[in-house]
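*Asks:* Given only the sequences and the hints, what does the whole structure look like? Please build it.
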Amino acid sequence: MTTLALMHDDNTANDPQRRAPLVIGPQTDETVTDSVCRVTEEVRTPRAWFVALVVSAALTAVFFGTIGYLITTGIGVLGNNRPVMWAFPIVNFVFWIGIGHAGTLISAILFLFRQQWRTAINRSAEAMTIFAVICALIFPGIHMGRIWVAYWMAPYPNQMALWPNFRSPLMWDVFAVNTYFLVSAMFWYLGMIPDLATLRDRATSRLRHSIYGLLALGWNGSARQWQVYERAYLLLAALATPLVVSVHSVVSTDFAVAQLPGWHTTIFPPYFVAGAIFSGFAMVVTLMVPARAYFGLKHLVTLRHLDNVNKIMLATSCIVAYSYAIELFIAWYSGHSHERFVHLNRAFGPYAWTYWLMVACNVLLPQLFWLKRCRTTPWIMFLIALAVNVGMWLERFVIIVVSLSRDYLPANWAMYYPTLIDVLMLLGSFGLFFTLFLLFCRYLPMVAIWEVKHVLPREEVNHGRTRA
Amino acid sequence: MDAHAHEHPNSSPPVAGLLAQFASPEALRAAAAAVRAAGWTRWDVHSPFPIHGIDRAMGLRPSPLPWLVLGAAVVGVVLALAMQLWMNGIDYPLIISGKPLLSLPTSVPIMFELGVLLAAIAAFVGAIALGGLPLYGHPVFFSSRFSRASTDGFFIFLAADDQRFEPISAQALLRSAGAVSVETLQVDEASGRVPGGLYWILATAVVLALLPPVLVTWYRTGPKSNPRIHLIQDMDFQEKYRPQSASPLFADGRATRPTVPETIPQGRLQADEHLYTGKVAEQWVTTFPMQPTAAMMERGRERYGIFCTTCHGLVGEGGVSGITSARAVKRREPNWVLPLSLHTQSVREQPVGQLFHTITHGVRTMPALGAQIPAEDRWAIVLYVRALQRSQNATLDDVPEPIRSQLRPVSP
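Residue numbers (this note's numbering), protein chains in the order written: chain S, 1 to 468; chain Z, 1 to 412.
Calculated directly from the structure, the hints in this document are not laboratory data.
Some hints here could point you the wrong way.
What follows is a list of derived Cβ distance ranges for each label pair [said to hold, decoys possible]:
| hint | chain 1 | residue 1 | chain 2 | residue 2 | range |
| --- | --- | --- | --- | --- | --- |
| 1 | Z | A255 | S | R146 | 34 to 42 Å |
| 2 | S | R146 | Z | W284 | 34 to 42 Å |
| 3 | Z | T41 | S | V149 | 53 to 61 Å |
| 4 | Z | Q171 | S | Y443 | 35 to 43 Å |
| 5 | Z | A295 | S | A150 | 20 to 28 Å |
Values in this document were obtained by computation on a predicted structure and should not be read as measured data.
Every residue gets a Cβ at the ideal spot worked out from N, C-alpha and C, and that includes glycine.
*Replies:* In structure tokens, the structure reads:
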């Protein structure tokens with residue numbers, strides 16, 4: 001089996017004569033399997049990984065501690081108060097749901113478009129999606145106040161003889177987000193079955209063999225299994241593709257259907273979807289830049305992958321910038337005094353700093369990605385991605401909190417300030433997210449091994465389909 | 001493909017099949033075509049990644065999965081539409097923002113979501129079930145070489161239960177097809193079995209999972225002597241003070257607050273002594289505070305029917321003519337005092353003010369009704385009682401002249 005070797009570690013050049021390879025160095029099926037599985041098979045606990053896990057697990061404990069405090073004490077421990085009844089919890093919810101979208105885009109849309117570079121990052125991006133949606137699902141739950149009646153949202157026959165109101169976007173949200181979570185989780189697990197079988201077959205201890213064996217469901221890579229498997233994978237990709245645009249569109253209707261100035265606009269669904277993909281790719285960079293370096297996966301998750309991700313970030317940043325501009329234009333063009341006021345208030349009101357920080361993080365900084373040097377230098381893209389994470393969180397804050405704090409009635413205006421619990425909950429949700437991601441890195445195959453093998457630069461298999 | 005080989009009669013331990021390894025995907029594909037050409041049916045190809053064109057080389061029929069997924073999507077969409085229209089439009093009509101009860105546009109998001117969800121579940125479950133998973137005891141796992149199948153090994157497995165299976169010729173077929181190595185696999189009786197404890201755990205889980213729906217169904221069908229269990233009792237046990245309860249908040253320790261002395265709540269001023277007390281200067285009034293009209297009489301008849309008939313009866317004769325009284329007598333209630341007839345001399349002689357006062361504050365065992373009946377209605381009742389009294393104690397003079405001739409003498 002011959003593979004194409006490269007002279008040095010740069011595959012970011014665009015040579016029209018030949019496609020750039022998706023892996024660096026002379027890689028075979030065995031080296032690919034080995035470099036991915038080694039991460040989970042290392043007997044010694046990696047030191048930096050362990051420190052990171054302890055820190056994020058502590059934050060997770062803070063998260064569930066504050067949730068317990070909230071449930072036992074009441075919703076008053078949060079800063080939410082009239083007129084800002086939706087504050088940090090809903091901002092965090094929209095933020096985390098948005099993060100998930102990059103994973104689904106990578107695993108579903110790029111799969112349908114035959115973008116083979118996705119194979120190195122789709123597994124971890126899907127994991128990111130699931131963990132982000134878990135964080136997201138927690139927030140509206142605890143925000144309800146009476147979390148123990150969350151099941152009232154389900155349409156089940158009850159002795160109150162009541163059904164949910166299906167004309168409410170909040171109800172659509174329940175269905176959209178739960179569907180998103182379930183479909184993402186099934187897609188993720190299905191994609192992982194052959195790799196779990198690989199881990200099973202490499203296992204040296206009985207415990208590892210049993211656990212991975214149980215999870216792999218007895219997969220033996222037979223052609224009959226592969227046939228139905230590939231078909232199912234394609235179908236799930238096709239089913240997940242509309243979810244990329246629908247989930248955040250439904251989330252945006254939570255706002256767009258309300259009549260609050262600053263919320264009641266038709267631009268929200270595409271604007272939210274672009275923002276979601278933008279923030280999600282920023283999180284992919286935030287996670288993958290350290291992970292690929294630390295776990296020795298630089299030859300699989302190459303600079304070319306990151307270059308591509310950064311190009312998508314640049315494109316979605318431009319869409320987001322356009323949305324900001326159109327919002328302002330429509331506010332002026334509508335001639336609606338309250339609509340105009342809301343946007344002036346965002347830019348020059350008491351929360352002006354959040355608006356301008358948002359513009360700086362989401363519009364100005366990502367423009368650096370026009371420079372190839374910035375797209376291919378890990379520390380620069382990492383810093384920009386961190387800024388975009390901040391900016392996209394602020395965007396939701398600007399939309400939700402700033403609009404609510406000054407609505408139609410000046411007598412009703414009030415400033416919103418988060419409490420300590422609000423801040424701890426936000427940090428805690430990051431703790432939960434990183435805890436889950438760190439556990440995933442150490443115990444599950446981080447890269448889709450079978451998919452990477454499928455796109456290895458294999459001269460013999462090159463039937464015009466598996467080109468690198 | 002399955003471990004049916006233990007039914008094979010000739011060998012001991014029985015042979016499960018032959019496992020042959022090949023060097024590359026191309027060699028595997030060529031070998032698969034050769035095995036297929038030889039007419040084998042119970043065999044399979046194992047590889048670490050899907051090999052392009054292998055299903056054509058093996059002659060596999062396309063999977064029916066897409067049809068399952070399409071069916072599930074259609075079911076999801078129809079189910080979501082039916083659910084929303086029935087729940088919000090028919091079973092409990094809910095009018096929101098003036099939208100029609102059978103509103104299609106607002107149903108679209110959930111139709112879409114449920115369609116995608118059911119289709120995805122069908123694809124997921126279908127992939128596992130049609131792929132024959134879970135499959136923990138396949139014979140290929142007994143080969144130590146086979147662990148390469150998930151890394152970089154390419155294998156063909158010929159099952160012993162194929163009609164053509166004959167160890168020597170099968171070996172030869174695989175060798176001629178280019179196998180690097182051929183291995184005979186024996187059936188391991190023990191390893192294919194799922195531990196018995198797992199079945200018990202699963203069975204217990206299934207039974208426990210069925211309990212809630214069974215309980216719910218049982219409680220929801222037919223009447224029950226006990227009230228239904230309400231999981232969330234926030235409405236039954238509220239954090240609030242009930243009337244007459246104690247509270248540490250106030251100096252007098254009472255949760256119920258008395259009215260502030262020397263004040264009158266808004267709308268409660270009752271300055272008209274005649275209207276509200278039936279007395280003027282400590283004397284019963286003999287006139288109504290308003291001009292009696294036919295409408296007032298009608299109102300009085302209606303209110304009398306509501307508030308008075310249960311004890312005093314429809315014409316006011318008391319005794320057991322009211323249903324409450326009749327029932328109390330029937331049940332031999334020891335403390336029951338028969339309600340007075342309104343037609344006795346003493347009641348008839350009472351001034352209207354005193355009747356009004358009796359309704360307002362009650363008398364003997366009759367309860368006070370002033371809190372339930374507005375003053376105007378009490379006066380209307382008094383007017384009607386006066387009419388009843390007159391009806392039961394009428395003289396010939398009360399009958400209008402033109403119809404006196406129609407009266408019949410009553411036998412004593």
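*Asks:* For this structure, which hints from the list above don't hold up?
*Replies:* 1, 2, 5
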